[in-house]
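Protein sequence lines, in the order shown, are assigned to chains D and R.
Numbering of the first sequence is given in my numbering, commencing with residue 458 and proceeding in unit increments.
Numbering of the second sequence is given in my numbering, commencing with residue 458 and proceeding in unit increments.
FYI, nobody ran anything at the bench for these hints, they're computed from the structure.
There is no bait here: all hints are sound.
The list treats identical chains as interchangeable, and a pair is accepted whether it falls inside one copy or across any two copies.
The calculated lysine-lysine pairs, modelled on BS3-like cross-linking and capped at a C-alpha distance of 27 Å, are:
#1 Lys461 <-> Lys574
#2 Lys752 <-> Lys742
#3 Lys519 <-> Lys574
Residue-level listing of the chains:
2 protein chains.
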Amino acid sequence: MVKKVVGLEEARRRLEGEWRPSPRVEEVGIWEAAGRVLAEEARCGVDLPPFDRALYDGYAVKAEDTFGAEEAAPVPLERLGEVEAGEWPSVGVRKGGCVRVATGAPLPPGADAVVMKEHAVEEGRTVRIYRPVSPGENVWRRGAERRRGETLLLPGVVLSSREVGALSAAGVGRVKVYARPRVGVMATGDELEEPGRRLGRGKVFNSNGPMLCAAVASCGCQPVWLGVARDRPGELVRKIRRGLSEGEALLVSGGSSEGERDLVPSAVAGMGRLLFHGLALKPGKPTFFALVGNKPVFGLPGYPLSALLVFHLLVEPYLRRMSGLPGPPTLSLRARLLEGTEKARGREELIPVRLRLEGGELRAEVVRRGSGAITSLLEADGYLRVPREKERLAEGEEVEVFLFGG
Amino acid sequence: MVKKVVGLEEARRRLEGEWRPSPRVEEVGIWEAAGRVLAEEARCGVDLPPFDRALYDGYAVKAEDTFGAEEAAPVPLERLGEVEAGEWPSVGVRKGGCVRVATGAPLPPGADAVVMKEHAVEEGRTVRIYRPVSPGENVWRRGAERRRGETLLLPGVVLSSREVGALSAAGVGRVKVYARPRVGVMATGDELEEPGRRLGRGKVFNSNGPMLCAAVASCGCQPVWLGVARDRPGELVRKIRRGLSEGEALLVSGGSSEGERDLVPSAVAGMGRLLFHGLALKPGKPTFFALVGNKPVFGLPGYPLSALLVFHLLVEPYLRRMSGLPGPPTLSLRARLLEGTEKARGREELIPVRLRLEGGELRAEVVRRGSGAITSLLEADGYLRVPREKERLAEGEEVEVFLFGG
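Produce the complete structure using the sequences and hints provided.
Structural data, given as structure tokens:
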């Protein structure tokens, strides 16, 4: 098979030229909305507050009736009734009268202020007011916060407890959010054994399966684990078809390097269009991308470290777009390299590093990076992207460290 | 009822003096482990790699047989067999011989290096080697990365795709993680109506329910919504009992201010011990904390903005400890106040602010902060904590802004 080796930028261009991730929309109840991404403009369903409300326990009054009240000369008002929170007033306030109100209760008609109960004393049907209030005092006017129909939130917001609270207060019981796309994940290789089982001779544990499913979930997608495909063309094709029918995209790890058993790209090429095969990137060479009936198939290297780095650079941004999430935050910081290191010739190289503070200065230390290494992921805080032209990095050189996210 | 009003620090001291959140441990499969918090030291179950492996497709050889090989003078070796990944070698390598190996295949006995297939040509049973290799070249030695029994991860780590990958590779099929505690959430008030329903006269929407459930979930807990309790003592006591039997902690919002209907703290005091009632904090005065049979009951204000701010300061840290998560990151930054503002006398005040960049300088702008306001949460990026003694903040004053998290 003729390989189409490309650099990272060209790989992205080909993907984006041929395929546009389009998030689907679904409706969920506000109780299930936390963590989801809003897909519509959300508007206020009611005036906020929906009616004039008492801000405190006290007495609804005509403010002018209280002018001149003081400790030594309280103003007596007639108590005409009371309103609890959740009730609707059955009586109004007329000159010389007042109505007892609870915090949050609607203000009775005729009243324009509330005297806090700390500043009044009730004796029978008479309430003595010891402090004046001005019109509007201790009242929360209908619509003072928001008007019905006003925009609350724009699409694209990730809903946290704050947004859920505001939408609920505004009466929004259901919201349109981006659906969590199902994404198939499969691994290939006769050598793979399930973690937790006894390891047969010549076997290694399937680490890409659980790892890539976790990575897919962190992009707001639902991973669908298809299992390990043995290295037989028929089984590969069946699993790929199943993955594409059950999911909106498919990740396949392993089986795409140059060896005789590299059956996956061939199988996929027979089902759709291979847009590139081979990335001018270390690690990450045996990466491919194909479209089968407009669904993307991402072929990732079999080595776990390679698979995860390629996932971050070339898959995560697109899965996030499919689920409506904002692009992954690129957090990077500058540090000085602790020790010089060689790099691969003729290819961009990703080099995992650990950060440490030494004498108040941030230092980047290269961690073990053999192709097969996986536990180096535990030691690394991020990675360097060293351009193709460069041949080595010098001790003390300033480098940009791209931090791993969650 | 005698109130025991305390400041924020004293409130924390009382909580921590009487109650120690203790996370429970459960075991989950590695496929379900992403996002969970590791509760044990995880060790490598096998040597990594578990056997000497070929790093590339090629030929397993005795390195010394290849010394002196060059383009013009290839060294011929006899092909004695082959090993695929996942197989166990049935043949060894003797002097003058080689075995074809696939990437990841075990190295046959007798071999100590691999010649990449690009540097060899096969003709019948003869393989011509065009480049020398040194002992160990292209071989990934058993245990080179980690030894069986070596520590991989310490307790307290939040498991991301990287950790899940490394644990899987090490054969760890199940891990002990901290359980997600169930936390009951209830709201009180005759005025509360479910979001999405038609709003009756005098009613407002229940925003604290969905908001606090979302906040509880963001602390790694499982919220258990108990519904709205009407303001009747019997109903309150029943719901509180149910909450405490179903969950390991309980949040109650509303019904704890000074009004006549403030039945919740009384109900709780009758069931257990009230440790404080009333916080010298604005907003947040009607906050209480109680222990009922060693389970904590957090009483939060009914106003949503107040409830959420108190949740962040006084509940979130403890719920996170219950679920084994590290304390919430306190992210704060310094900004200059856009406009001066008064503050409450005699109480610490939390003032929500929005950040904006003006002329290259970070400015903090106070957002509407009426007790009832909730949509101000959408505008605010964080809040100020203004100490009790302070009476006003001046325009241009440097302030510390505590950022809201997720």
